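K.L.:
In case you want the letters, here they are:
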Amino acid sequence: MATPRVKEILSWYAGENPGVLANLARIMNTGKLAGTGRFVILPVDQGFEHGPGRSFSVNPPAYDPRYHFQFAIDAGCSAYAAPLGFLEAGARDFAGEIPLILKLNNRDSLSEEKDPAQAVTGSVEDALRLGCVGIGYTVYPGSAHRLEMYEELRALAAEAKEAGLVVVVWSYPRGGSLSKEGETALDVCAYAAHIAAQLGAHVVKVKLPTAFLEQKAAKEAYEKTGVALATLAERVRHVVEATFAGRRIVIFSGGAKSTDQSVLEEAKAIREGGGFGSIIGRNSFQRPRPAALKLLGQIMDIYAT
Amino acid sequence: MATPRVKEILSWYAGENPGVLANLARIMNTGKLAGTGRFVILPVDQGFEHGPGRSFSVNPPAYDPRYHFQFAIDAGCSAYAAPLGFLEAGARDFAGEIPLILKLNNRDSLSEEKDPAQAVTGSVEDALRLGCVGIGYTVYPGSAHRLEMYEELRALAAEAKEAGLVVVVWSYPRGGSLSKEGETALDVCAYAAHIAAQLGAHVVKVKLPTAFLEQKAAKEAYEKTGVALATLAERVRHVVEATFAGRRIVIFSGGAKSTDQSVLEEAKAIREGGGFGSIIGRNSFQRPRPAALKLLGQIMDIYAT
Amino acid sequence: MATPRVKEILSWYAGENPGVLANLARIMNTGKLAGTGRFVILPVDQGFEHGPGRSFSVNPPAYDPRYHFQFAIDAGCSAYAAPLGFLEAGARDFAGEIPLILKLNNRDSLSEEKDPAQAVTGSVEDALRLGCVGIGYTVYPGSAHRLEMYEELRALAAEAKEAGLVVVVWSYPRGGSLSKEGETALDVCAYAAHIAAQLGAHVVKVKLPTAFLEQKAAKEAYEKTGVALATLAERVRHVVEATFAGRRIVIFSGGAKSTDQSVLEEAKAIREGGGFGSIIGRNSFQRPRPAALKLLGQIMDIYAT
Amino acid sequence: MATPRVKEILSWYAGENPGVLANLARIMNTGKLAGTGRFVILPVDQGFEHGPGRSFSVNPPAYDPRYHFQFAIDAGCSAYAAPLGFLEAGARDFAGEIPLILKLNNRDSLSEEKDPAQAVTGSVEDALRLGCVGIGYTVYPGSAHRLEMYEELRALAAEAKEAGLVVVVWSYPRGGSLSKEGETALDVCAYAAHIAAQLGAHVVKVKLPTAFLEQKAAKEAYEKTGVALATLAERVRHVVEATFAGRRIVIFSGGAKSTDQSVLEEAKAIREGGGFGSIIGRNSFQRPRPAALKLLGQIMDIYAT
Amino acid sequence: MATPRVKEILSWYAGENPGVLANLARIMNTGKLAGTGRFVILPVDQGFEHGPGRSFSVNPPAYDPRYHFQFAIDAGCSAYAAPLGFLEAGARDFAGEIPLILKLNNRDSLSEEKDPAQAVTGSVEDALRLGCVGIGYTVYPGSAHRLEMYEELRALAAEAKEAGLVVVVWSYPRGGSLSKEGETALDVCAYAAHIAAQLGAHVVKVKLPTAFLEQKAAKEAYEKTGVALATLAERVRHVVEATFAGRRIVIFSGGAKSTDQSVLEEAKAIREGGGFGSIIGRNSFQRPRPAALKLLGQIMDIYAT
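The listed protein sequences derive, respectively, from chains A, B, C, D and E.
FYI, the numbering for the first sequence is 1 to 305, going by the numbering used here.
FYI, the numbering for the second sequence is 1 to 305, going by the numbering used here.
FYI, the numbering for the third sequence is 1 to 305, going by the numbering used here.
FYI, the numbering for the fourth sequence is 1 to 305, going by the numbering used here.
FYI, the numbering for the fifth sequence is 1 to 305, going by the numbering used here.
Be a bit skeptical, because a hint or two may be false.
[What the hints assert, rightly or not] Just so you have them, the derived chain D footprint on chain A, three or more residues with Cβ under 8 Å: (1) 45–59; (2) 208–220.
[What the hints assert, rightly or not] One-sided excerpt, in silico: chain C residues whose CB lies under 8 Å from chain B: (3) 1; (4) 3; (5) 5; (6) 9; (7) 10; (8) 15; (9) 18; (10) 21; (11) 26; (12) 221; (13) 223; (14) 226; (15) 230.
The hints are simulated quantities; they were obtained by calculation from the structure and are not laboratory data.
No experiment lies behind these values; they were computed from the predicted model shown.
Built from N, CA and C at the ideal position, the CB exists for glycine as well.
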C-alpha cells in the first residue's frame with residue numbers, strides 16, 4: 001500500500017508516535033499525488049485574513065464553505081486547511097472524503113500592526129471532533145510577538161501530537177525587525193523554515209524566496225560559502241536543505257493570484273529544487289472552477305513526475 | 001412541527017451537536033415569526049453600555065428589568081438578550097416564556113478608549129442556571145484588543161456549544177485602525193460578519209452597512225468585480241453572502257432611536273436583501289410601550305411575508 | 001404564555017434555579033396538555049429493559065428509534081424519555097420538536113436478581129449535548145442496592161440541576177425486602193414516591209397502587225387513621241398527598257399492555273385522585289400507530305378537562 | 001468519494017460529531033468492500049482470550065503480530081482489531097495502511113468463571129497515539145458483572161466519541177443467568193445487539209443466532225407475533241431489525257474454525273438477512289495464508305454483490 | 001554504538017517513544033553482555049516475598065541493600081531490580097552505575113491465599129526520582145484477582161511509557177484455577193508470557209516450563225499441531241514464539257537455589273531455545289559472593305556466544 005517514497009518520508013518522523021505517522025500517511029495517500037510524496041494542499045483562510053469581499057467576490061461561489069471541500073476533492077488535493085467556521089460548515093457533509101487541517105490561529109487585516117500576532121481560534125479538541133488529520137498554526141519570525149507565538153505553538157503541537165495529529169506550520173517572516181524585501185529574502189525564508197522544524201513542525205509552509213539576502217551576517221556567510229541562489233530552483237533547494245537537510249516536508253505558498261504560466265513555472269522550480277509541493281489558495285478559488293481545476297491538474301502533473 | 005425553512009436553516013449547522021440545534025430551533029419556533037426562519041430579537045444592554053438615564057429616562061418603566069421580559073413576550077420576539085443582572089432579575093418569574101440569551105461580555109461608556117474592549121460579566125454556567133438558550137458576545141474588529149477578544153470568544157463558544165447553547169456574536173468594527181465612517185463601511189461590515197462566522201458564531205449581529213468602502217485593497221476588488229452596493233438591500237445581500245454564502249444567520253442592528261418609517265424601511269431592505277431579521281433595542285424600549293409594540297408588530301409583518 | 005396553573009406548579013419548585021423552571025415549563029407548555037399542568041409522557045426503554053423482540057415484534061415499525069420521536073410529537077405528548085442510544089438516533093432529526101428526557105440508568109432482564117440494580121448508561125453532559133430538558137433515573141426502594149442508587153441519584157441530580165435540567169425519578173419498589181404483592185402496595189408506593197421527592201426529584205413516576213398494605217407498622221397506622229384506599233382514585237390521592245402534599249408532580253405508569261378501556265379508567269382515576277398524568281410506554285408502542293394515537297388522544301381528553 | 005450507500009449509513013449516526021463520521025467513513029472506504037456499506041473485519045484477540053499455542057500453533061507465522069496487519073491489508077479487510085500489545089507491535093510499520101481498532105478490554109481463559117468479566121487493557125489515549133479509527137469493547141449480557149461492564153463501556157465510549165473515534169461493541173451473552181444453549185438463542189442474541197446499540201455502539205458484533213428461544217416471555221411474544229426464525233437468514237434479519245430497525249451496523253462473528261463451505265454459507269445468510277458483514281478471526285489466521293486469503297476473497301465476493 | 005543486534009531488538013518496539021528505547025538500550029549496553037541482546041538481571045525481592053531470614057541468613061552480607069547493587073555491578077549484570085526500600089537504600093551511592101528497575105508491586109508470604117494478589121508499593125514518580133530505567137510488575141494469571149492486576153498494570157505501564165521507562169512484567173500463573181503442576185505447564189507458561197506482551201510489557205519474565213500441559217483445549221491443539229516440547233530448549237522456543245514470534249524480550253527465572261550445574265544447563269537450554277536470558281535472584285545472593293560471581297560469569301559466558 002504505502003509506496004517506498006511514502007515509507008521513506010515517514011521514516012524521518014521516527015520521534016513521533018504511530019498516530020502522527022498514520023495521519024501523515026493519510027495525507028500522502030490522498031488525491032492525485034497519492035504515493036508520490038508530493039503535496040498540493042488547498043488552504044482557505046483568506047476570508048479571515050484578507051476579508052470575504054476581497055477574497056471571494058471575483059468568484060462568488062467561493063463564498064460558500066462547501067465549495068472548497070468539493071473543490072479540494074475534485075481537484076485531487078492532498079488536504080484542505082481552513083479556520084474553525086469554514087470546517088464546521090462542511091465537516092459532516094464531507095466526512096472522510098478529504099484530509100482536513102484545522103488552522104488554529106488567525107488574524108484579520110482590519111488592523112495593521114508593525115509587529116503582527118494572531119489569535120487562537122480553535123483547539124486540538126475541535127480538530128478531533130471535526131475529524132481532522134492535523135492542525136495548522138502561523139508564526140511570524142521577525143515580529144516582536146514571535147516568542148509568545150513559538151510558545152503557544154509548542155503547547156498546541158505537544159497536545160496535537162499526543163492525539164496523533166500532524167502539525168503544519170505557516171512560517172511567515174514579518175514584523176518591525178525586517179525590511180519589506182527581507183520578508184521573502186532567501187536567508188530569512190530558510191531561517192523561518194528551520195525555526196518551524198525546530199519547533200516540531202511536521203510540515204512547513206513558507207513563501208517562495210527571492211535572491212535578496214537580509215541579514216548582514218548571513219549575507220557574508222552565503223557569499224563566502226557560495227550558496228547557489230540565482231534561480232528559484234536553487235533557492236528552493238537551499239530552503240529545503242536548511243530544513244533538516246530535506247528531512248522535513250517543506251511546501252511553498254503560491255501567494256497572490258497570478259497567471260497560469262507563472263504559477264506553473266513556480267511549481268517546476270519547486271519540483272526541480274526538491275520542494276515537496278505547494279499550498280495554493282488564491283490561485284485556486286479566485287479562478288472560475290473549471291480554470292482552477294485545470295490549473296491544479298497541471299501543477300499536479302508537474303509534481304507527479 | 002418544524003417548518004421546511006427551519007429544517008433548512010438547521011441543516012447549515014451540521015457541525016454542531018443536537019443540543020445546539022434544539023436551542024436554535026426553540027428561537028425559531030418562538031413568537032410571531034415562529035417557523036419563518038426570520039428573527040426579531042430584543043437586546044437590552046444599553047443600561048450597561050450607555051448608562052441607565054440616557055437609555056431609560058425617555059420611557060421610565062423600562063428601568064424595571066421585568067419590563068423587557070414582558071415586552072419581548074408581548075411583542076412576539078424570537079428571544080431576549082441582556083447582561084447577567086437584568087436576566088437574574090426576571091428569569092424565575094418568566095421561566096420558559098421567552099428564549100433568553102445571556103450577554104457574556106459588556107463595557108460601559110464612562111471611559112472612552114480609542115481601542116475598546118469588553119469585560120466578561122457572565123459564564124456558560126450562568127446561562128444554564130438561568131435557563132438560557134444561548135450566549136451573546138461582542139467582538140470589536142479593528143480594535144487593538146481584537147485578538148484577545150477572538151480568543152476569549154473561542155473559549156466561551158466551545159464551552160457553550162458542548163452544553164448545547166447557541167452562540168450569538170455582536171461583531172462591531174471599532175478602534176484605532178478604522179475611520180469613524182469605516183465602522184459601518186460595507187467592506188468592513190461584511191468582513192466583521194465573516195470573522196464572527198469563522199469564529200463559530202451561529203447567529204451574527206452586525207450594523208447596517210453604508211456604501212462607503214474603507215480598505216484600499218477591498219475597494220479595488222469591489223470595484224473590479226462590481227459588487228452591487230447602491231441600495232441598502234444590495235448591501236445587506238453582500239453582507240449575507242460574505243457570511244458563508246448565507247448559510248449563517250445574520251441579523252442587523254436597528255441602531256439609535258429613529259422614526260418608525262425609517263425603521264420599517266430598513267426592515268424592508270433587510271428582508272429584500274436576504275437578511276434574517278433585526279435585533280432592536282433602543283427602537284423598542286425608548287418608545288412608549290404601545291408605540292413600541294405597534295412598531296415591532298409592523299416589522300414582524302414585513303419579515304413574515 | 002404560562003397559564004396560572006403552570007405558574008402555580010412552578011411556584012412549588014422555588015428552591016431550584018430558573019433554568020430548572022424553564023425546562024419544567026417547556027414540558028408543561030408542550031403538546032395537547034400544554035398549559036393544563038397535566039402530563040402524558042412517552043417512555044421507551046423497554047427495548048433495553050425487556051428486550052427488543054418482546055417489546056416491539058407486536059408492532060414492528062417501533063423497532064425504529066425515529067418512530068417514537070414522531071409518535072410523541074403526533075400524539076401531542078408532553079415529553080419523550082429514552083436511553084442514550086435511542087435518543088442519539090433521532091435527536092438531530094427532531095431537534096427542538098419535543099422535550100427529551102435522557103434516561104440515565106438502565107438494566108436488562110437477561111439476568112434476574114433478587115435485589116436488582118441498574119447501570120449508569122448516560123451523563124448530564126450527554127443530556128445537554130442532545131438538547132434534553134431533563135434526566136431520568138430509576139431507584140429500587142426495597143433492594144439491597146437502594147442506598148447506592150440513592151447516592152448515585154443525588155450526585156447526578158445535583159449536577160443536572162446546576163445545568164438547569166429537570167430530574168425525573170422512576171421509583172419502583174423491588175427487591176428481597178418486599179413481597180411480590182408489596183411492590184405495588186399502597187403504603188410502599190406512597191413511601192417510594194416520598195423518597196424520590198426527598199431525594200430532590202422534580203417529577204416522580206410510580207406504579208398505580210393496590211389496596212394491599214405491606215408493612216405492619218404502616219398497616220396499623222393506615223387503619224387507625226382511616227386512610228381511604230378502597231378506590232384507585234383514593235389511592236392515587238394518598239400517593240399524591242404523600243409526595244409533599246401534592247407539591248411535587250407525581251405521574252403514574254400504565255404498566256403492561258392492557259385494553260383501551262382499562263387504560264382509560266385508570267386515567268380517570270388518576271385525574272380524579274389529583275394525579276398529574278401518565279407515563280405510557282407499552283400501551284403506546286405495542287398498539288398499531290392509529291390505535292395508539294387514538295388511545296392517547298382519549299387519555300389526554302380525560303386529563304385536559 | 002462516498003457512495004450513496006456510505007452516505008446513507010453515515011446519516012444514521014447524526015447524533016455523533018463529524019469526527020466519528022469521518023472515521024466510520026474511513027472503515028467503509030477501505031479494502032475490497034469499499035463503498036458497499038458491507039464489512040469484513042479481522043479481529044485477533046484469541047492469543048489473549050484462548051492462549052497463543054491453542055490459537056496460532058496450527059499456523060505458526062500467525063504468532064508474529066505483523067502477520068495480521070499484512071494479512072488484513074492483503075485480504076482487503078475493512079479494519080483490523082486487536083489488543084494493545086499486538087497493535088503496538090505493528091502500528092508504526094503499517095501506519096495509515098489499514099484502519100485499526102484498539103480492543104480496550106480482554107480476558108484470558110486460564111480461569112473460568114460462571115459470571116465472566118474483562119479487564120480494561122488500553123485507553124482512548126492509546127487509540128489516538130496508535131492512529132486507530134476506533135475502540136472495541138466486550139460486554140457480557142447475562143453475567144453478574146454486566147452492569148459494571150455497561151458503565152465502563154459508557155465512560156470509555158463517551159471519551160472515544162469526543163475524540164472522534166468509532167465505538168465497536170462485542171456483545172456476547174454469557175454468565176450464570178443463561179443456559180449454554182441460550183448464549184446463542186435468537187431472543188438473547190437480538191437482545192444483546194439492542195443493548196449494545198442503546199449503550200451508544202456504532203458497530204455491534206454478535207454471534208450468529210440459533211433458532212432456540214431462551215426467555216419464556218420472549219418465547220411467548222415471538223410465537224404470538226410470528227417472528228420468522230426457521231432459516232439463518234431470517235434470524236439475521238431479526239437481529240438486524242432489533243438493532244434500531246437496521247439503523248446500526250451489525251456484524252456477525254465467524255466463530256470457531258470451520259470448513260470453507262460452512263463459512264461461505266453463513267456469509268450468504270448474513271447477506272440475505274441484511275447483515276452488514278463478518279468479523280472473522282479464527283477462520284482467517286488458523287488457515288494457511290493462501291487458503292485464508294482465498295476464503296476471505298470469496299466471502300467478500302458474496303458481500304460485494 | 002548500538003550493535004546490529006541491539007538495533008534489531010529496538011526495532012521491535014517501534015510503537016514506543018524514543019525515551020523507552022533509550023532506556024531499553026541502556027540495559028542492553030550494560031555489563032558483560034553489552035551489545036549481545038542477551039540479559040542477566042539481578043532481582044532481589046525475596047526479602048519481601050519470602051522473608052529476610054529465609055532469604056539472607058544463608059549469606060548474611062546480603063541483608064545489606066548495598067550488597068546487591070555492588071554485586072550486580074561486579075557481576076556485570078544488565079540491570080538490578082528491587083522493591084522501593086532496597087532501591088532507596090542504595091540509589092544515591094550507586095547513582096548511574098547500574099540500570100535500576102523499581103519493582104512496583106509486592107506481596108509477602110505471611111498469608112497464603114488460594115488466589116493471590118499483590119500490593120502496589122511504589123510509583124512511576126519513585127522510579128524517576130531514583131533514576132531507574134524501568135518499572136517491574138507481577139501479574140498472576142489464574143488468580144481470581146488477575147483482571148484487577150491487568151488493569152493496574154495497564155495504568156502503571158501507560159504512565160511509565162509516557163515517562164520513557166521500560167516495563168518489565170513478571171508473569172506467574174498461580175491461583176485457584178490452576179493445578180500446582182499447571183503453574184509451570186508449557187501451555188500455561190506460554191499463555192502467561194503472551195498476556196504480558198499483550199498488556200504492553202517490553203520485557204517478560206516467566207518461569208521455565210515443564211512438558212506438562214494443563215488446559216484440555218490447549219493439549220488437543222498442541223498434540224494435533226505437534227508442538228515440540230520434549231526438551232527444555234524446545235519448550236523455551238515455544239514460549240518465545242508465543243510471545244509475538246520472538247519480537248518481545250522473554251527472560252527466564254532461575255527459581256529456587258540449585259546446583260551450579262543445573263543452573264548452567266538451564267542457561268544453555270534458554271540460549272539454545274532462543275530465550276533472551278535469565279533473571280537470577282536466589283542463585284546469586286544465596287551463594288557466597290565469590291561463588292556467585294563465578295556462577296554468573298559462567299552463565300554470561302554461555303549467553304555471550
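K.L.:
Look at each hint and say if it fits the structure.
P.N.:
Do the hints match the structure? See the list:
1. 45–59: violated (count 0)
2. 208–220: With 0 residues closer than 8 Å to chain D, the stretch 208–220 of chain A misses the three-residue bar; violated.
3. 1: At 5 Å from the nearest chain B Cβ, residue 1 of chain C passes the 8 Å test, so the hint holds.
4. 3: violated, 11 Å
5. 5: Hint on residue 5 of chain C: violated, closest Cβ of chain B at ~14 Å, above 8 Å.
6. 9: Hint violated; residue 9 of chain C Cβ to chain B Cβ min 11 Å, cut 8 Å.
7. 10: Given a least distance of 6 Å, the restraint on residue 10 of chain C holds.
8. 15: violated, 11 Å
9. 18: holds, 4 Å
10. 21: holds, 4 Å
11. 26: For residue 26 of chain C, the interface hint holds, since the closest Cβ of chain B sits about 5 Å away, which is under 8 Å.
12. 221: violated, 38 Å
13. 223: Check failed: Cβ of residue 223 of chain C comes no nearer than 43 Å to chain B, outside 8 Å.
14. 226: violated, 40 Å
15. 230: violated, 39 Å
Checked against the numbered hints above, the structure breaks hints 1, 2, 4, 5, 6, 8, 12, 13, 14 and 15 and satisfies the rest.
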